[in-house]
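Protein chains in written order, with our numbering: chain A, 3 to 233; chain B, 3 to 233.
Hints listed in this document are in silico derivations from the structure and should not be mistaken for laboratory results. Be aware that a few hints might be false.
Note that identical chains are pooled: a pair holds if it fits in a single copy or bridges any two copies.
Derived pair list, reagent style BS3-like, types lysine-lysine, alpha-carbon separation capped at 30 angstroms [said to hold, decoys possible]:
| # | residue 1 | residue 2 |
| --- | --- | --- |
| 1 | Lys44 | Lys180 |
| 2 | Lys180 | Lys218 |
| 3 | Lys119 | Lys44 |
| 4 | Lys218 | Lys115 |
2 protein chains.
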Amino acid sequence: MTITTIALDADDTLWHNESIFHLTQQQYVELLQDYGDADHMKARLLEVEIKNLSLYGYGVKSFTLSMIETAINLTRGAVPAKIIAQILDLGRAMLEHPVEPLPGVAETLETLKDGYKLVMVTKGDLMNQEQKLARSGLGEHFHAIEIVSEKDANTYRRVVARQGVRPEATVMIGNSMKSDVLPALEAGLWGIHIPYHITWAHEHAEPPSDSPRFAKLETIAEVPGWLRQRG
Amino acid sequence: MTITTIALDADDTLWHNESIFHLTQQQYVELLQDYGDADHMKARLLEVEIKNLSLYGYGVKSFTLSMIETAINLTRGAVPAKIIAQILDLGRAMLEHPVEPLPGVAETLETLKDGYKLVMVTKGDLMNQEQKLARSGLGEHFHAIEIVSEKDANTYRRVVARQGVRPEATVMIGNSMKSDVLPALEAGLWGIHIPYHITWAHEHAEPPSDSPRFAKLETIAEVPGWLRQRG
């Protein structure tokens with residue numbers, strides 16, 4: 003069946019994101035350096051983030067709340083409020099961070115948008131993701147924007163249903179094997195994995211062992227060629 | 003033109019919400035009672051909330067971050083981390099709070115769902131609103147759920163376009179004159195105002211001076227009668 007619809011993840015697929023979390027985490031452990039070892043702090047922060055996911059969801063506000071909670075726990079309540087104010091500033095800086103599209107993204111979307119229906123599928127803060135899309139200058143290329151609270155197989159089933167397309171006519175492209183590729187394959191879509199140079203520990207997953215609808219590419223610029231090859 | 007589609011706000015229209023914010027705010031000023039006067043604190047909190055809206059958006063996580071920021075500012079950095087931990091607990095309790103539908107809501111939706119397309123239109127945290135809808139038991143009545151970052155006239159234009167209906171065939175029902183009624187009227191929909199007993203200061207607005215598409219009702223149970231009267 004011909005592919006008519008291309009669903010694209012946003013963070014770390016269209017623009018840099020994890021690198022900003024990474025940098026912020028570095029600044030965070032420096033802020034708290036009097037209170038313990040950096041690796042230990044990062045491990046505790048990750049635990050708190052994962053514990054909070056089912057209540058807070060994804061995104062910068064959740065991450066900021068988890069940074070504050072971790073700082074209080076790690077210091078057994080001794081962290082001064084002035085450091086917590088600086089953690090709030092770290093979160094704010096992330097929300098205001100310039101959006102930097104990855105190499106080849108703008109050109110590739112420009113090439114694809116006339117022949118395919120392009121749909122952005124992303125999780126995270128609703129308002130922040132909308133603002134990032136606006137700041138990225140990529141918004142006009144998309145036929146639809148889907149900001150979702152979780153990416154599982156049912157999410158992808160709902161997305162193709164809402165777009166009125168068949169799963170086997172849709173390819174999902176993203177940097178996360180766990181959120182973008184595996185659940186899309188499970189829902190009957192095609193899945194293309196384009197790794198980003200940093201992956202959040204919570205998003206790690208093994209590639210599918212044997213799927214004819216799976217491909218791994220190096221950059222988004224290879225997508226038009228892949229679509230041509232499929233015919 | 004016949005009304006075919008009913009759009010409904012969620013917080014304080016389908017279920018209690020502002021009362022929970024109100025109660026939390028009360029607990030917040032008690033937590034901080036050694037640092038100042040309650041009314042002054044509430045006024046400062048509101049200022050911080052409104053300042054943060056364009057960056058954080060609506061919802062409990064935003065409110066929690068604003069409560070922390072206000073506590074640090076009000077105390078000039080003297081608030082102990084243990085109180086900030088209690089503020090985090092207040093936010094968590096809000097997110098986990100049972101969802102209590104307002105009187106008449108379940109029965110009215112049950113009556114309307116066979117004759118009309120029902121669409122929930124709400125702002126706030128994506129994940130929290132989805133969880134509240136699931137916990138409310140009202141989810142099955144809705145044809146579509148639209149969680150949006152802001153409610154202005156363009157939001158309502160997009161909602162009716164996505165649903166494939168005409169604005170003049172759609173009525174928006176909600177407790178906020180500012181977010182539910184006025185922008186819906188501006189977009190060409192009908193608007194019904196059903197006040198809740200508490201309104202967040204930021205949502206106050208005057209009713210429209212003269213609109214044939216506006217109505218004010220006391221409870222949602224009056225909606226089927228209003229629709230019949232229109233014929």
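Here is what the structure says about each hint:
1. Lys44 to Lys180: Result: close within a single copy only, 21 angstroms intra versus 43 angstroms inter.
2. Lys180 to Lys218: Cα proximity of Lys180 and Lys218: one copy only (14 angstroms, versus 49 angstroms across).
3. Lys119 to Lys44: Classified as neither; 40 angstroms inside a copy, 48 angstroms across copies.
4. Lys218 to Lys115: Within one copy only: 21 angstroms inside, 45 angstroms across.
When each numbered hint is compared with the structure, a violation occurs for hint 3 only.
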